[in-house]
Amino acid sequence: MAHQVSPSLLAVNAMPLAHLRLLDMIVIAVYFAMVIWIGFYLRGRTNTGEEFFMAGREMTAWIAGLSFVSANLGSLELMGWAGSAYQYGILATHWYWIGAIPAMLFLGLVMMPFYYVCKTHSVPGYLFLRYGEHARVLAAFSFALEMILMSGVNMFAMAVVMKVVLGWSLTFSILVSAFAVTLYVALGGLRSAIFNEVLQFVLIWGGALLVPILGMIQAGGVSGLKSQIIKNMHTDSYFHLWRDLGSFSANPMGVHWTGIVFGLGFAISFGYWTTDFLVVQRVLAAHNLRAARMAPIIGSFFKMAVPFIVILPGLLGLVLLQNTDGSRRQLVPEDTVKVCMPMSSDCAASLKKTSLSAEVQQDVLNQKDTPQSELHSYNEVLPLMMARYLGPGLLGLGITALIAGFMSGMAGNISAFSTVWTYDLYKPLINKKGSDSHYVIVGRISIVAGVIVSIGAGYLVQHAHGIMDYVQALFSIFIAPLLATILLGMFWKRATAPAGFLGLLLGIVFSVSLFVWVHLNPANLKYVALSPYAKPMAENVFRALWACLFTGLVIFLVSLVTKPKPIAELEGLVYGATPLPTEEPVPFYKNVWLWAILALCIFVALNILFW
Amino acid sequence: MRGSGIQIWFFIGVLLLIYGLMIFGYGTYEWVSVAHFGGQYPAGVQLTSLHTPIWWGGLLTALGVLYCVKFRPGRA
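Residue numbers (our numbering), protein chains in the order written: chain A, 758 to 1368; chain B, -12 to 63.
Quick caveat, the hints were computed from the structure, so don't treat them as lab data.
Some hints here could point you the wrong way.
[What the hints assert, rightly or not] Derived coverage of chain A by chain B (criterion: at least 3 residues anywhere in the stretch with Cβ under 8 Å from a Cβ of chain B; other residues may be distant):
# : segment
1 : 780 to 792
2 : 952 to 961
3 : 969 to 976
4 : 1142 to 1152
Idealized CB from N, CA, C, for every residue including glycine.
Use the sequences and the hints to build the structure in full.
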């Protein structure tokens, strides 16, 4: 969530990190054949709007749960967080544990009944029922824009990663992946996207799990890894989640525990996991309320396990990566790679900020062809570790996992865009009286059009790299105001329609203003994060927190001076005005609360274990 | 997914089975060729003595067979 490799900064001119053999190519080709087979198979089962946009609402808790967690498990995200683990140690795990688990459990236990009972097709659809048309159109428009731009940016980013890792051309990667995604989503709709997300989840584990297993064997287990990291890095901060968060300057990430708990653990995490339609859509496709509540809880167990294949390889990279002459390979920040490959006048200053020895820095500056002078960024740690341990076939499986992660992420963006475009923009604003089959056709066309626009956005980014950072910031700009709007709408009967719309609108304006303020003058970060020692990582979490609180305040104040809806109109939408459906009795081991409490206990235990 | 038709688990089983057989087959070929015919392990790959493709390919094959059989189309 909200952390990706910035491909504009990757060294696209460098030699590929890995070389595929025939067997690897066959492994990749089999994957493409499989997803297209699934698309054609599901086409015959996807005729009505409910089937196309909501997968017939017949997914089991397991499928919805795996799809829910998989929609967030893109390849760029995996590479980015592995790079963060190399840079910051297990602090990066916060984005997988406190940045996900409490919100997922809250969605399953508390919020899901309202989403499910009101039978909405989308999160903007819920806003329509609760606050009216204006709030829906604002949320739908911002979400649709975000999905298209993110899809394009991710497509381009993945093409750059394929070029860096394998040497493939950008156009080849973009066209092949866009064609495959368009084909299987336009044919099978959300059902096809969900099937492929589950498939991708299995592939990611099958392709990436070997890296930490073999790495731990070579590092000599946990004790060997710890002792070597302390020897290389001269600190044990890399193994502590909370111990060094008492001040901004005591940890390499430059964050404070208040930002992690309230900014990440509440504003960003709850915003993403409970209101971002990209993930909520997967749970809405469950076949009954119990499955819909169980899905995020099942997903939480897998989410807690993801650091094993993401964070651990990053840590292992600190001690195991070697240059071709056997010396320890030290990775550097992306901007150092950018200014040194090809060489620019900023290279010397950038190299001084790294931990590379003076001798190696001189070799880089003199462009000497030595093993140590070949620079790689933190974000390349995962493919470098794959190339280290995976031979023919297995490397193809690992690369397939990365491709599958990208394609399912793009399919998620496009399928969510298609639903929101058709039900929340086209239907209310352009054609209210179309037949069900008409809206399915509109949905299919919007998928093709969405992919074409995404490709255009991808090429636009290629020629204007600065846009990339702004597009990736869209996520954190929109999500926090949306969270406050939905939470107050769902749990406060007094919240009114004008307040919901105004709160969302002003919250987005406030969030954008904070973003622009800091980007125009980075020194302003100390005001946003409340400390002169704060680093850029702190900006997102604190901006989200302030935007959420600001939106809540606007909704509260405007609600006090505007007329609320009658209670009868809030049934099915608001806590206290909705008789929650009673669920059929089930054996204790199928009880939603039992599994949620178990997930919570494991979450607490992991945080204590890695304190 | 509930109801009739091919379940996602069957598709996963087919994919795991194909991948498992390919990787296991390559691992066996690699082991035999290195042990008896003077072949070499791929350059730069670490821990080749563990014969990872054999046991990982075997594991994928076993899981693939299990899923293909348990979730085969038409099974009640």
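Here is how each hint holds up against the structure:
1. 780 to 792: That given contact holds, which follows from 6 residues of the segment 780 to 792 of chain A lying within Cβ reach (below 8 Å) of chain B.
2. 952 to 961: holds (count 5)
3. 969 to 976: holds (count 3)
4. 1142 to 1152: That given contact holds, which follows from 8 residues of the segment 1142 to 1152 of chain A lying within Cβ reach (below 8 Å) of chain B.
Violation of the numbered hints given earlier is absent; every hint is satisfied by the structure.
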